[in-house]
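K.L.:
One letter stands for each residue in the lines below.
There are 2 protein chains.
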Amino acid sequence: MSVTIYEIAEKAGVSSSTVARVLRGDVKGTYRRSAENADRIRRIAEELGYRTNARARAFSRGRTHGIGLLYTNDAWIFEGVNTTVVNSLVRSFQDAGYHLTLTPVDDSRSWEEVVLGGQIDGCVIFQVLPEYVTEAISDLKLPLVLLGDDSDQTCSHVVVDDYAGGYLAAKHLAGLGHKKIAFYVHESVKPHCSIEQRRDGIQSAMGDAGLGEAMWLLGPEEDAVNRIIHGNVRPTGVICYSNLESTLLMHAMWQYGVSVPNQLSLVGFNDLFATKHMTPPLTTVGFDAKKIGKLGAQILLDTIDNEAIDCKPQGKIIKPKLIVRGSTGPAVERDCQ
Amino acid sequence: MSVTIYEIAEKAGVSSSTVARVLRGDVKGTYRRSAENADRIRRIAEELGYRTNARARAFSRGRTHGIGLLYTNDAWIFEGVNTTVVNSLVRSFQDAGYHLTLTPVDDSRSWEEVVLGGQIDGCVIFQVLPEYVTEAISDLKLPLVLLGDDSDQTCSHVVVDDYAGGYLAAKHLAGLGHKKIAFYVHESVKPHCSIEQRRDGIQSAMGDAGLGEAMWLLGPEEDAVNRIIHGNVRPTGVICYSNLESTLLMHAMWQYGVSVPNQLSLVGFNDLFATKHMTPPLTTVGFDAKKIGKLGAQILLDTIDNEAIDCKPQGKIIKPKLIVRGSTGPAVERDCQ
DNA sequence: TTGAAAGCGCTAACAG
DNA sequence: CTGTTAGCGCTTTCAA
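Respectively, the protein sequence lines represent chains Z and F.
So the number in our numbering is just where the residue sits in the first sequence, counting from 1, plus 1029.
So the number in our numbering is just where the residue sits in the second sequence, counting from 1, plus 1029.
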């Protein structure tokens, strides 16, 4: 058994409340006598190796200092730039005395024990969750913040301006003289608002540059590669939805002997270590992933602290920026083969 | 306030213990009358929207069903193949009704609240932790399992046989006629037993093949690249410690116009998506990362369940395998330039 | 600032 | 199988 405040109280000859208060820092020590007593209590606690029992505190206070990180997609949560977001969340919460619990949401309903059972004080929702989950959470009035999804404007959220990202990418290509620009989304990518937003941004930049419709490459990679290389209307510049697509395309172009950027320009999304070291280094749309975690944590902590005032939802938008590297160059029409 | 067993007890006209027992499934319902009662209790609980209060249960039982994932290295925990390990851990624990809490260990001592405060029932330790942390944990007699480190044989652990991995890699190169084989570890890699183990395996395979000493490339990448390209004794085959090194070298060789595998063979460690899609696809030493998480979780859960029997530590070793792809080929002496 | 006392909601030992 | 009765260790009124 571990040491409790009662044992300390007995040794110190004071009440357990006093011990608790001193150890919690609730006693200012304004009067000398009081301060001396406090010191003594702290010393005894130290000697006995006392540690606040977090379970008892959580029970009594009704707060665990735990935060749930809710997500549905295993493959996505620790993918590429998201690891930076997660690490940043962990650190930000840690600084505030909170800790993150990984809470995958699936049919197993095991998330319920954590979320509905009150093991957490709030949750960070990564991307979209099934509606019945978000409903359950809002029924509980559990503070939450959405990351990477602003479809529900009644919830606080942090998102990247994907429209702007798409715009930047396409504008860059248009500036290099590209007229036929494609947007490639791999078939394995789950539906997400960022897809349409990036596409809209691309289309808008193309419109501003007096160009026509963007090509939209969906489906399996073979099809995409095929259309890029052998299609009737061949793009000279391709914008990739994420690191996955850039990796695949870069590889495929190498296989088929299409030189990047001489014969084809490639722009990616997300700036990773691997991106910088591709052959050639990838021109990409990046954003401050750390900031997402930081802002998300901050918003959630605000909400938790101000539960009474039930403050209105906050929305933050992160602006992306274009990082120009070696995978883009002037447009060159490839001859028919 | 949420519904408690007392409210249900009152409505059902039974005692709170009965409610708790029924809801917990402790009542078999062998007798008809009892079964009917149990059904009624469950129905009332359902109607009232009752949820077991996990905080109260944790307090009362002295168990939280939480598991801490302890690590010191942000950059490493979600890196490459480790994400697979983490996801596998999460799932395995989830299946057993446990959840994982991310617990970075650093000077902030915030890990103490989680670990020493009793917010978790056991911990998974990723790689090595400062000694005072492991000591504190064993003082607490908190069940633990070490992942990727077997330096303390008194603790349960799951490790990859890195010696065998190194051996496989070097044997492969030797079989292709390579005589000068180097092992490259980037300077940013923190000291870890796997480095020596892989090197020993490499050396051993070289010995078996009648070759001399392996070259050991350490330090900044420029030096390594320089020695590979311009050194007095130039390796024809390089084994990379991890994905980092393979990415860097593959890129550098491309920059300097050294063809892989025609002029230089490259073998990596860890099999990632990106590895398969490098140009050329990387020959690499891979292992079953899912299994690590699975075994780790299983061992820890065993330990937690058998606290009384304080079972002796279990050690599991995962055997790696060589995945031959396009980055290795017959040895060719490069001419002096 | 301090002490006494009443919880927080569930579990568990015991008697019936 | 059920009810009674103590806790688990900390927080939080309320008086003093």
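Rather than coming from a laboratory, the hints here were simulated on the basis of the structure.
Among these hints, one or two may not hold up.
The list makes no distinction among identical chains, and a pair is therefore deemed to hold if it is satisfied within one copy or across any two copies.
[Unchecked claim] Subject to a maximum C-alpha distance of 30 Å in a straight line, what follows is the list of computed DSSO-like cross-link-like pairs (lysine-lysine):
#, residue 1, residue 2
1, Lys1305, Lys1319
2, Lys1209, Lys1040
3, Lys1040, Lys1305
4, Lys1170, Lys1209
5, Lys1341, Lys1305
6, Lys1200, Lys1040
7, Lys1345, Lys1040
8, Lys1219, Lys1320
9, Lys1319, Lys1040
10, Lys1170, Lys1200
11, Lys1170, Lys1040
12, Lys1040, Lys1348
13, Lys1319, Lys1219
14, Lys1320, Lys1348
15, Lys1209, Lys1345
16, Lys1219, Lys1305
17, Lys1209, Lys1341
18, Lys1208, Lys1323
19, Lys1209, Lys1320
K.L.:
State for each hint whether it applies.
P.N.:
Hint check results:
1. When the C-alpha separation of Lys1305 and Lys1319 is checked against a cutoff of 30 Å, the pair qualifies both within a copy, at 18 Å, and between copies, at 28 Å.
2. Proximity of Lys1209 and Lys1040 under a CA criterion of 30 Å is satisfied in neither setting, with 81 Å inside one chain copy and 71 Å between copies.
3. Taking the shortest alpha-carbon separations for Lys1040 and Lys1305, neither the intra-copy value of 62 Å nor the inter-copy value of 65 Å comes in at or below 30 Å.
4. Within a single copy, Lys1170 and Lys1209 get their C-alpha atoms no closer than 49 Å, and across copies no closer than 65 Å, so neither meets the 30 Å cut-off.
5. Within a single copy, Lys1341 and Lys1305 get their C-alpha atoms no closer than 40 Å, and across copies no closer than 47 Å, so neither meets the 30 Å cut-off.
6. For a Cα distance limit of 30 Å, the shortest separation of Lys1200 from Lys1040 qualifies neither inside one copy, at 74 Å, nor across copies, at 67 Å.
7. For the identical chains of this complex, Lys1345 and Lys1040 are neighbours neither inside a copy (52 Å) nor across copies (47 Å), given an alpha-carbon limit of 30 Å.
8. Both within a single protomer and between protomers do Lys1219 and Lys1320 lie at most 30 Å apart by alpha-carbon distance, with minima of 24 Å and 27 Å respectively.
9. Taking the shortest Cα distances, Lys1319 and Lys1040 never come within 30 Å of each other, neither inside one copy (48 Å) nor across copies (51 Å).
10. In this homomeric assembly, Lys1170 and Lys1200 never come within 30 Å of each other (Cα to Cα): the closest approach is 43 Å inside a single copy and 60 Å across copies.
11. Taking the closest pair of Cα atoms, Lys1170 and Lys1040 come within 30 Å of each other only across two copies (26 Å); inside a single copy the shortest separation is 43 Å, beyond that limit.
12. For the identical chains of this complex, Lys1040 and Lys1348 are neighbours neither inside a copy (59 Å) nor across copies (56 Å), given an alpha-carbon limit of 30 Å.
13. For a Cα distance limit of 30 Å, the shortest separation of Lys1319 from Lys1219 qualifies both inside one copy, at 24 Å, and across copies, at 23 Å.
14. In this assembly of identical chains, the alpha carbons of Lys1320 and Lys1348 lie at most 30 Å apart only when taken from the same copy (11 Å versus 40 Å across copies).
15. Taking the shortest alpha-carbon separations for Lys1209 and Lys1345, neither the intra-copy value of 34 Å nor the inter-copy value of 55 Å comes in at or below 30 Å.
16. Both within a single protomer and between protomers do Lys1219 and Lys1305 lie at most 30 Å apart by alpha-carbon distance, with minima of 26 Å and 22 Å respectively.
17. Taking the shortest alpha-carbon separations for Lys1209 and Lys1341, neither the intra-copy value of 44 Å nor the inter-copy value of 66 Å comes in at or below 30 Å.
18. In the homo-oligomer, the alpha carbons of Lys1208 and Lys1323 never lie at most 30 Å apart, since the shortest distance is 39 Å inside one protomer and 51 Å across protomers.
19. Taking the shortest alpha-carbon separations for Lys1209 and Lys1320, neither the intra-copy value of 34 Å nor the inter-copy value of 46 Å comes in at or below 30 Å.
When the structure is compared with the earlier hints, violations turn up for hints 2, 3, 4, 5, 6, 7, 9, 10, 12, 15, 17, 18, 19 and for no others.
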